[in-house]
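Residue numbers (the numbering used here): 793 to 900.
Honestly, the hints are just simulated from the structure, not real lab data. Quantities reported herein were computed from a predicted structural model and do not represent experimental measurements. Do not rely on the hints blindly, as some may be mistaken.
Heads up, simulated EDC-like pairs for lysine to aspartate or glutamate below, C-alpha to C-alpha not over 20 Å straight-line [said to hold, decoys possible]: (1) K824 / E874; (2) K825 / D864; (3) K825 / E873; (4) K825 / D854; (5) K825 / D849; (6) K821 / D802; (7) K821 / D849; (8) K824 / E873; (9) K825 / E870; (10) K824 / D802; (11) K825 / E896; (12) K825 / D848; (13) K825 / D884; (14) K824 / D864; (15) K821 / D854; (16) K821 / D864.
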Amino acid sequence: MAKVGTVVYDNLVIRGAQHVGTITIPSGKTLKKGTIVTSAGAAMATSGAPYGIIADDIDTTDGALAVQVYLDGTYIRETIEEVMGYTLSASDIAALRDISIYVEHAQA
């Protein structure tokens, strides 16, 4: 059986996304992998309902970029909170669940 690909484990993904989408992040933003974004490409902590989680670090200082976002899956809550500099509230977690994104505490 041929090996098709490899899984890269990091401190964000617990169970990977089944669906990955693309979203345009407006110019003038620097966002880290794990940032929850709205459909307008803003960090969720600043406004709006969640759309997905940024799959890679991005820098749009030179112009808007189309980037990949995870649209579902389970992720480490502490990593997301650290990346965003924001503590997820119960309503944030409920909004994420509504779009099939789950956050769990890291296992020691």
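Results for each hint:
The straight-line distance between the Cα atoms of K824 and E874 is roughly 10 Å, inside the 20 Å bound, and the hint therefore holds. Taken as a hint, the K825 and D864 pair is honoured in the structure, with Cα atoms around 15 Å apart against an allowance of 20 Å. Restraint check: the Cα-Cα separation between K825 and E873 comes to about 12 Å, which is no more than 20 Å; the hinted pair holds. Taken as a hint, the K825 and D854 pair is honoured in the structure, with Cα atoms around 19 Å apart against an allowance of 20 Å.
Taking the CA atoms of K825 and D849, the gap is about 5 Å. The hint holds against a cut of 20 Å. Distance restraint check for K821 and D802: the Cα-Cα separation of roughly 23 Å exceeds the 20 Å cut-off, and the hinted pair is therefore not satisfied. A hinted pair counts as satisfied when its Cα atoms are at most 20 Å apart, and K821 with D849 qualifies at roughly 11 Å. Distance hint between K824 and E873 is fulfilled; the C-alpha atoms sit about 11 Å from each other, no more than 20 Å.
The suggested pairing of K825 with E870 holds, with an alpha-carbon distance near 13 Å, which does not exceed 20 Å. Taking the CA atoms of K824 and D802, the gap is near 14 Å; set against the 20 Å cutoff, the hint holds. Of the pairs offered as hints, the one joining K825 and E896 holds, with about 17 Å between alpha carbons and a cut-off of 20 Å not exceeded. Of the supplied pair hints, the one linking K825 and D848 holds, its CA atoms being roughly 4 Å apart against a limit of 20 Å.
With a C-alpha separation of about 18 Å, the suggested pairing of K825 with D884 holds against the 20 Å cut-off. A distance of roughly 18 Å separates the Cα atoms of K824 and D864; the hinted pair therefore holds under the 20 Å criterion. Between K821 and D854 the CA atoms are separated by roughly 9 Å; this keeps the pair inside 20 Å, and the hint holds. Taken as a hint, the K821 and D864 pair is broken in the structure, with Cα atoms around 23 Å apart against an allowance of 20 Å.
Hints 6 and 16 from the earlier list are contradicted by this structure; the remaining hints agree with it.
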